[in-house]
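The lines below spell out each chain.
There are 2 protein chains.
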Amino acid sequence: MSNNPEKLQPRLAKLNEALESGALDQARRMLNRGLAPVDVAHLLESTPPKEREILWGLLDPELHGDVLQYLGDDVQLEFLNRMDAEQLLTATEGLDVDDLADLLQQLPNTVIQEVLQSMEAQERQRVEAVLSYPEDTAGGLMNPDAITIRPDITLDVVLRYLRRHERLPDATDTLLVVTRRDELIGILSINRLLVSDVSVLVREVMQTDFHAIQATASDSDVATLFQKHDLISAPVVGIDGKLLGRITIDDVVDVIREDAEHQVMSMAGLDEDEDTFAPALRTSRRRAVWLGINLIAATIVSIAIGFFEDTIQQIAALAVLMPIVSSMGGIAGSQTLTVLIRGIALGHVSGANVRWLLIRELLVGMTNGLIWAVVVGAMSVFRFDDIRLGEIIAMAMVINLTVATLAGTLIPVMLKKFKIDPALSGGVLLTTITDVVGFVAFLGLATAFYL
Amino acid sequence: MSNNPEKLQPRLAKLNEALESGALDQARRMLNRGLAPVDVAHLLESTPPKEREILWGLLDPELHGDVLQYLGDDVQLEFLNRMDAEQLLTATEGLDVDDLADLLQQLPNTVIQEVLQSMEAQERQRVEAVLSYPEDTAGGLMNPDAITIRPDITLDVVLRYLRRHERLPDATDTLLVVTRRDELIGILSINRLLVSDVSVLVREVMQTDFHAIQATASDSDVATLFQKHDLISAPVVGIDGKLLGRITIDDVVDVIREDAEHQVMSMAGLDEDEDTFAPALRTSRRRAVWLGINLIAATIVSIAIGFFEDTIQQIAALAVLMPIVSSMGGIAGSQTLTVLIRGIALGHVSGANVRWLLIRELLVGMTNGLIWAVVVGAMSVFRFDDIRLGEIIAMAMVINLTVATLAGTLIPVMLKKFKIDPALSGGVLLTTITDVVGFVAFLGLATAFYL
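Line by line, the protein sequences are chains A and B.
Residue numbering for the first sequence follows UniProt numbering, beginning at 1 and increasing consecutively.
Residue numbering for the second sequence follows UniProt numbering, beginning at 1 and increasing consecutively.
Calculated from the structure, these hints are not laboratory results.
Everything numeric in this text was worked out from a predicted model, so none of it was measured.
It cannot be assumed that every hint is accurate.
Among the chain A residues that face chain B by a calculated CB cut under 10 Å, a handful are [as the list claims (entries may be wrong)]:
hint: 1; residue: Gly34
hint: 2; residue: Gln87
hint: 3; residue: Ile190
hint: 4; residue: Val195
hint: 5; residue: Thr276
hint: 6; residue: Ile315
hint: 7; residue: Lys417
Don't be surprised by glycine CBs; every beta carbon is placed ideally from N, CA and C.
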């Protein structure tokens with residue numbers, strides 16, 4: 001029978017029951033023996049602070065490292081901060097070098113040094129090699145666990161060499177062929193090894209047109225490379241062409257997921273590593289900054305309206321209708337902004353085709369501006385029995401939707417040029433523009449034609 | 001030397017040059033021999049319609065299928081639509097069954113039937129098996145290319161059997177152990193095969209606690225499983241436990257990326273498969289729908305303001321300040337909404353902890369409401385020299401930010417319950433609420449205290 005170990009929900013329910021009824025011994029047993037570390041991590045991330053505290057306390061210290069590596073940065077740091085160097089060392093024993101480096105990168109330098117000091121020389125060197133590269137580079141992602149072979153041996157020798165291992169590193173789909181001086185000269189896929197005649201030399205069957213990643217390459221570029229060529233692992237080399245380690249698809253999947261989360265979260269001024277169950281005070285403080293930035297934007301908009309206070313005093317209907325103009329502009333602009341941000345991220349948008357996009361968006365803005373101008377204009381005439389009011393709001397709609405789509409195109413392109421994250425600041429900039437233009441166009445036209 | 005084949009940009013620039021100078025023969029050569037199919041697909045997706053047309057015309061027909069499989073649905077359909085069954089058959093020769101099924105799924109049933117009719121019986125059966133499952137299920141993702149072995153042979157026999165293949169399917173990290181009746185009873189990882197004694201039986205070293213995916217499982221569940229357990233491939237079985245095929249990590253990576261894009265795009269009412277360079281008319285039509293939905297929301301807001309037309313007529317300063325209250329509420333609400341939508345997607349949020357989140361958000365909303373109420377109140381007093389106005393806007397801020405965070409928590413939870421995509425409709429719902437509450441609170445309080 002096929003044995004599917006994915007019966008998580010009922011076990012979590014039982015664990016919760018045990019916790020609530022105070023059967024802590026039972027809960028401890030279920031936590032430490034009934035759940036995989038990745039499931040424990042998921043459980044911790046799904047739990048409010050107090051219960052999280054209790055669960056962590058019930059967890060066997062030797063499982064701490066295994067669980068820690070699966071936690072998001074925010075929750076991870078919460079637990080790391082209260083461990084001393086010795087506890088860290090116990091917890092992280094047996095972790096892969098790249099996972100260990102990920103954890104250490106979160107800690108202050110003095111603690112990192114302390115942990116490194118207490119490691120064996122060889123292990124320390126391997127961890128230091130990874131730590132010497134920023135977290136978001138190929139060097140920071142790599143694991144120095146590659147199996148290397150020489151070009152002048154037969155496949156038979158390779159097979160016997162492999163058989164001397166107790167196990168091969170995870171995601172070993174290729175063996176890396178290096179010279180005596182550790183320069184990477186080819187890769188031998190396990191698939192090729194399994195179907196080739198065992199008497200041929202590695203040199204004869206190895207691939208020489210492989211993807212070697214520079215240690216300084218950005219993690220996004222690594223992700224693109226893996227996706228484009230359906231890679232499972234790829235070697236990392238230094239500028240001297242010497243092999244440093246390899247990157248595996250599981251770490252690349254994390255990069256892809258985090259990049260995607262970053263976009264969604266930063267559109268609301270949030271961090272992608274944020275703990276879902278962060279306490280109220282910390283949450284308030286973090287969110288306040290973004291609210292402050294938006295207050296500046298809202299104040300600018302309010303000042304723009306202020307110029308037309310007299311007009312509003314005379315025709316209050318303008319105040320009733322004006323949010324329609326600004327909100328429709330905001331929606332039209334954010335549609336364009338979203339398409340452009342994605343296009344830039346996918347590498348579709350470049351200097352050569354921005355002009356085409358600008359013209360397309362101009363046409364789209366004018367078309368939808370006209371369509372909805374007619375609808376909103378008619379609605380306004382019907383509601384306030386005033387044809388001029390309908391004409392004015394219709395004109396304002398066309399102006400604002402056209403400006404909105406143009407701003408939606410230009411803002412991300414310009415932010416990109418200044419190396420500012422368009423997902424973070426594009427939205428605020430855009431709605432400030434569409435609000436100001438919407439209100440000024442509508443109230444300005446009203447002032448000109450009514451008064 | 002390590003041979004890195006990633007020199008794409010200069011080749012694309014040269015190709016563009018050739019196209020612009022009208023050297024079509026040269027461009028044709030570069031397109032068909034100088035670029036990998038995945039790069040041609042990327043080029044097509046980065047090109048406005050007219051140039052795209054020319055490029056497609058220059059592409060060798062036998063490369064069409066290879067290129068098509070890398071295109072987004074929108075662009076893919078554009079080219080598929082104008083091919084007849086015979087052209088489709090030529091284009092798709094040699095594609096993997098899952099990629100072929102992906103392409104066919106886009107076409108009308110009559111065309112699918114025509115293509116299937118002209119296939120060999122065995123290939124047809126394999127494609128039909130995949131087509132019988134919806135695109136977004138494990139069955140729709142799977143490839144029937146698994147290598148299967150029997151439990152009662154020695155590893156030596158397995159190795160000799162593999163050596164009879166010319167190549168193994170991509171991402172073959174495990175061999176699937178089946179009974180005579182094709183029931184899946186275990187998996188043998190290639191790694192295990194390589195390090196084990198060749199004289200032992202498959203049955204002795206195979207894993208029996210493996211992840212077998214039901215063909216009807218959703219693609220998101222498949223993605224979660226792969227991420228949690230760092231899988232490279234996993235077998236797919238029917239309800240009878242019989243092996244149907246396997247899913248590989250490259251297809252799962254596509255699912256993860258598309259899920260992430262879906263969230264970002266649907267927040268602006270867009271489709272994740274949308275062609276960045278869709279023509280103006282098609283783009284206008286698609287976006288108009290979303291603008292229409294938002295117009296309904298804006299009209300509701302406008303009607304709410306309408307109740308206070310008289311108040312505004314008397315104190316126009318209210319119209320100047322009111323967008324601040326609504327916009328700050330919108331921001332606070334969308335921060336909560338974003339955290340909740342992510343929490344639900346990650347499986348962190350469940351019935352058990354929604355209450356904790358609701359209280360946390362209530363505290364956050366009140367805290368930030370109070371902080372910014374003081375700031376906005378002071379600003380208003382300073383600007384209009386009217387203490388009562390400052391008090392009123394401060395009160396409205398606290399009310400709106402508190403309601404906003406509560407709505408941001410409850411909306412996605414309720415939408416989820418009704419199986420409505422919160423990324424699509426959450427934003428409109430939320431801003432309608434924060435706008436209405438913001439305006440009504442502010443203008444209502446002003447009416448009560450001033451008049």
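Item to check | Numbers of the earlier hints that this structure fails to satisfy, in rising order | outcome: Hint check: 1, 2, 7 fail, others pass.
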